[in-house]
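> Model the full assembly from the supplied sequences, consistent with the hints where possible.
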Amino acid sequence: MPEKTVISIAIAAYNGGKYIAQQLESLLDQTLLPDEIIICDDSEDDLTFQSVEKFLPDSRIKYFRNPIPLGVAKNFEKAITLSHGEYIFMCDQDDFWLPEKLEVMTAMLAENEELDCVFCNSVLADANLEKRNETLWDLRKFTPAMQKKLACSGALEIFCRRVVCSGHNMAFKRRILEYILPFPELEPFYPDTWIALSVAFNGNIQALDRCLTLYRVHENNASTPAGDNIRAARKARRSSAAERNYMLACEILKRSGNANARKREILENFASHHHKRSLYSANILYRAMQAFRQLLTLQYSKYSNGMRSFIADVIFRQH
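Sequential numbering of the sequence shown, starting at 1, is according to our numbering.
Any given hint could turn out to be false.
Claimed, not checked - Below are the PhoX-like pairs computed for lysine-lysine, each with C-alpha atoms no more than 25 angstroms apart in a straight line: (1) Lys141 with Lys131; (2) Lys62 with Lys18; (3) Lys4 with Lys141; (4) Lys54 with Lys18; (5) Lys78 with Lys141; (6) Lys74 with Lys62; (7) Lys254 with Lys74; (8) Lys149 with Lys131; (9) Lys18 with Lys149; (10) Lys18 with Lys74; (11) Lys78 with Lys62; (12) Lys78 with Lys18; (13) Lys4 with Lys62; (14) Lys149 with Lys54; (15) Lys302 with Lys254.
Bear in mind the hints are in silico, worked out from the structure with no lab data behind them.
Since the model is a prediction, treat every value here as computed from it, not as a measurement.
Quick look at the structure:
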């Protein structure tokens, strides 16, 4: 009889006392149960531990308290590193998984040997898990045309414009750890963007058009599912997103020598575009000229959020 495939769930916790117990209950109510749930806790107080403590007699749940806070990215990295599974699911502390999530996503990974990573859709919900009439794919404008392109090996081109998946709805095979770990030393750093771009460049990522998570949106989210609008573009501009994207792309290129020529060209062009954006002048008139050159060569439409990123670059200075 073949050996059972181990399924791991990696949770990066931080001041999660309010919601984490409900999340754990949803993980333990899956139609296919996980083999281990790794919780790495960055909390400043004991409330998260107090919420988790009642679950600890279950040997599948392994709790680690960080003596010094690591930050969300390094905390997730620690949880992933401590996982033993062939299939690894990233998990936020404050969402709620529908019962069939593990079974459906594990089956998709198992049925396709070439598939490295899969992500599902999520229903947006409020702090009380009351569903909104909107999904994460709606908010991020992951259209049917984009879904079709991604299914036809177009993930890198899509993600170079906008990463439409999120860590909380992602599962991957252990073999990708070879090129995603360790996470780059950048601040701020978003693991979902790094993993999505890395897998799209090095391997095979697919979308599953099913809502399998309730994504809880509340005032204490570490990140919010920002829509495609000027406000989000302004936030990206002011957090030096262009420089960060350039450095992420350079790191992927440095770690990955065997990608095909077409993918390498796409990522090199993505890096070049964001490097130029990161160097725009503080003078608004000169900055407008620099941005307009990138607009004319269609770089904004290929490697940023189009006119929204262009307008934000012109109006808002990079900090």
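> Would you mind marking each hint as holding or not holding in the structure?
Status of the hints after comparison with the structure:
1. Lys141 with Lys131: holds, 19 angstroms
2. Lys62 with Lys18: holds, 19 angstroms
3. Lys4 with Lys141: Violated: Lys4 and Lys141 sit about 38 angstroms apart, past 25 angstroms.
4. Lys54 with Lys18: Holds, because 14 angstroms separates the two Cα atoms, which is no more than 25 angstroms.
5. Lys78 with Lys141: Judged against 25 angstroms, a Cα distance of about 32 angstroms means the pair is violated.
6. Lys74 with Lys62: Status holds; Cα separation ~18 angstroms.
7. Lys254 with Lys74: holds, 21 angstroms
8. Lys149 with Lys131: violated, 29 angstroms
9. Lys18 with Lys149: Distance ~39 angstroms between Lys18 and Lys149 Cα, so the pair is violated.
10. Lys18 with Lys74: holds, 22 angstroms
11. Lys78 with Lys62: holds, 13 angstroms
12. Lys78 with Lys18: Judged against 25 angstroms, a Cα distance of about 23 angstroms means the pair holds.
13. Lys4 with Lys62: Holds: Lys4 and Lys62 sit about 20 angstroms apart, inside 25 angstroms.
14. Lys149 with Lys54: Outside the cut-off at roughly 45 angstroms; violated.
15. Lys302 with Lys254: holds, 22 angstroms
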